[in-house]
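*Asks:* Top to bottom, those sequences are chains A and B.
First residue of the first sequence? That's 1 in our numbering, and the numbers climb one at a time after it.
First residue of the second sequence? That's 1 in our numbering, and the numbers climb one at a time after it.
Hints in this document: simulated from the structure, not taken from any laboratory.
Beta carbons: idealized from backbone N, C-alpha and C, even for Gly.
Each hint should be verified, as a subset may be incorrect.
[Said to hold, decoys possible] If you want a taste of the chain A side facing chain B, the calculated C-beta under 10 Å gives, among others:
#1 48
#2 52
#3 59
#4 70
#5 74
#6 83
[Unchecked claim] Label-pair restraints from in silico Cβ distances:
#7 339(B) / 125(A): 14 to 22 Å
#8 286(B) / 39(A): 52 to 60 Å
#9 58(A) / 200(B): 15 to 23 Å
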Amino acid sequence: MAKTIYRPPVQSKLGQLIDSLFLLVLVLASLFVPVYFGLAGGGKTTLENTAKTWEGLGQNATMQAQWEKLGYTPETAHELIVSRFDYSFSVPALAITAFVVIAYFVFVFRWSKKEYKDVISERFDR
Amino acid sequence: MSQYTAVHGEKVSLLRVLGPGHVWALGVGIVLVGEYMGWNFAVGKGGALAALIACWAAGMLYTCVAMIDSEVTSTVAAAGGQYAQAKHIVGPLMAFNVGLFLVFAYTMLEAANAITLGYLVQTVGGMAGFADTHDKPFIVLTIMFLAFLNYRGVYATLTFNLVLTAIAFVAILILFASVRPWTDEVLKPHELLNGLPYGWLGVLAAMHFGMWYYLGIEGTTQAAEEVRSPSRALPLGTMTGIITLLIAATMTWYICVGLMPWEYLGQAVTPLFDAARLTGSMPLMILLFIGTIFSTLASANGCINDASRAWFSMGRDRYLPQVFGAVHPKYRTPFRSIVFLVPVALIFAYFAPLDQVITFSILSGLLEYTFMAFNVLMFRKMWPLGTIRRGYVHPFHPLPAVVLLILCSMTYFAVFLGYGTQLLAMMVFYIVASLWFAFHRYKFVKRGDQFSMPWPRPVGH
Chain A
1 MAKTIYRPPV
11 QSKLGQLIDS
21 LFLLVLVLAS
31 LFVPVYFGLA
41 GGGKTTLENT
51 AKTWEGLGQN
61 ATMQAQWEKL
71 GYTPETAHEL
81 IVSRFDYSFS
91 VPALAITAFV
101 VIAYFVFVFR
111 WSKKEYKDVI
121 SERFDR
Chain B
1 MSQYTAVHGE
11 KVSLLRVLGP
21 GHVWALGVGI
31 VLVGEYMGWN
41 FAVGKGGALA
51 ALIACWAAGM
61 LYTCVAMIDS
71 EVTSTVAAAG
81 GQYAQAKHIV
91 GPLMAFNVGL
101 FLVFAYTMLE
111 AANAITLGYL
121 VQTVGGMAGF
131 ADTHDKPFIV
141 LTIMFLAFLN
151 YRGVYATLTF
161 NLVLTAIAFV
171 AILILFASVR
181 PWTDEVLKPH
191 ELLNGLPYGW
201 LGVLAAMHFG
211 MWYYLGIEGT
221 TQAAEEVRSP
231 SRALPLGTMT
241 GIITLLIAAT
251 MTWYICVGLM
261 PWEYLGQAVT
271 PLFDAARLTG
281 SMPLMILLFI
291 GTIFSTLASA
301 NGCINDASRA
311 WFSMGRDRYL
321 PQVFGAVHPK
331 YRTPFRSIVF
341 LVPVALIFAY
351 FAPLDQVITF
361 SILSGLLEYT
371 FMAFNVLMFR
381 KMWPLGTIRR
391 GYVHPFHPLP
401 AVVLLILCSM
411 TYFAVFLGYG
421 TQLLAMMVFY
431 IVASLWFAFH
441 RYKFVKRGDQ
451 FSMPWPRPVG
461 H
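Chain A on its own, in the form it takes in the complex (with noise of 0.2 Å):
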């Protein structure tokens, strides 16, 4: 069956220029604000009772002439020493990350597929 082919309708040159700076500003206010104001990145934490001295940070005599040689002493080293990742998260923090993931990627599919009809129907049944 013949189909009409779809015309899409010119953007004016004040719709892409909004179009554009509307995917600067989701650039900005969605990856960048998070990094910027420190609430994405590593949650972290540090190891408690630790003396800033090589043996109080655990480091035997090779880790300690290595960090020397890379200009550390045991205070500046110390913040390194005893940083560590924070791997406790809550079930529903979890639940809630991977149902967005999931949710993203069958809207996606779903709706591409809907649009995908029109391509296959216009490029097969004209």
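Given chain A, put chain B in place with the hints provided.
*Replies:* Just chain B now, with coordinates in the frame of chain A:
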């Protein structure tokens, strides 16, 4: 990203001149920088041994990616790589998202390269007695200079990038030989290795940055239109590329864990340069300084080239404002796309920490690989074997797709461990962008033009 180009009103296709060696160079060229920076954050997330296990597990993930992508790209012989695949197999909204995955994976990698280069210059400046050397001007200069070269079309050719990459690769080999790994004179892994500080959960968490060893290798298949024999060159070039990276990654890991305490290595910005510093050899330091600079420049240059061409393709197809689909009348480059992406790279390179910039790049790659697994399942169903000519048929289907999905799921969890907010931020970006496309941009898209392959109607449609 390969293109058709209109010259004097005629559609001119790209020449089929590339062999497996070029495909290898394309892949390794953009990815080798991953040995010079970024991979070591896997050490921070799980410890040195966890990083090695993650390196091999990520190698398996990328082997699946290479197998799948070689088949689909060698068959979808249209410009645009994975973006073109999505247009032909899934539909416009998925293609729009895949285009964005490519743009943000490459743009964030470009920003990461600039951060590394700036940091290295600052470090070396400090060592040379210039204590006031600051990284920020070098970050800005790197991005602006490379963007300018790309704008003018004087971007490094494949051969030039190959030379830079070869030097960077040889630098790793020389460092490996120089530390005499067959003795314990320089390397002290037995005294520096500390098991699994986070247990097996840390091994899983390390998968996050384990991907950095190979991220971008799938770019090899974007040369599908330019290779003489896609069925031979694409799988061969890509697989040898992965093997090269696997060897380089293992050597890099062994050098670094034999020289640095894991707490330092897990947060270092330039681990291979630091390894050279720890050998106390000035020639090695100079060599690894050059290697780091060359690998970051070659990678950033390739990233600007690929990201701007993906943005350009979307502009040409009206997925984005048409202004981005313009080619410079004199230099024949997608100049508006190049310029538009400069502030994005600059903002992240200037203000964001390296691990977070890398995480954005990894997340875009991860979303792309998830798409690939579903894409190949749909591809085989819509055009079963024998219905169209395939350049290459990957074996054991659907096992690679299933393994890829499992490994991708594990990596999402790995990113969630420690970087959960960033994962959600990235998803918010792609969800809002998808809604914008579905309810606003799609009306500007010419439907039938999205399918250009001379194939029969897909099964089920």
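*Asks:* Run the structure past the numbered hints and jot down the numbers of the failing ones, going up.
*Replies:* Numbers 1, 2, 5, 7 and 8, in rising order.
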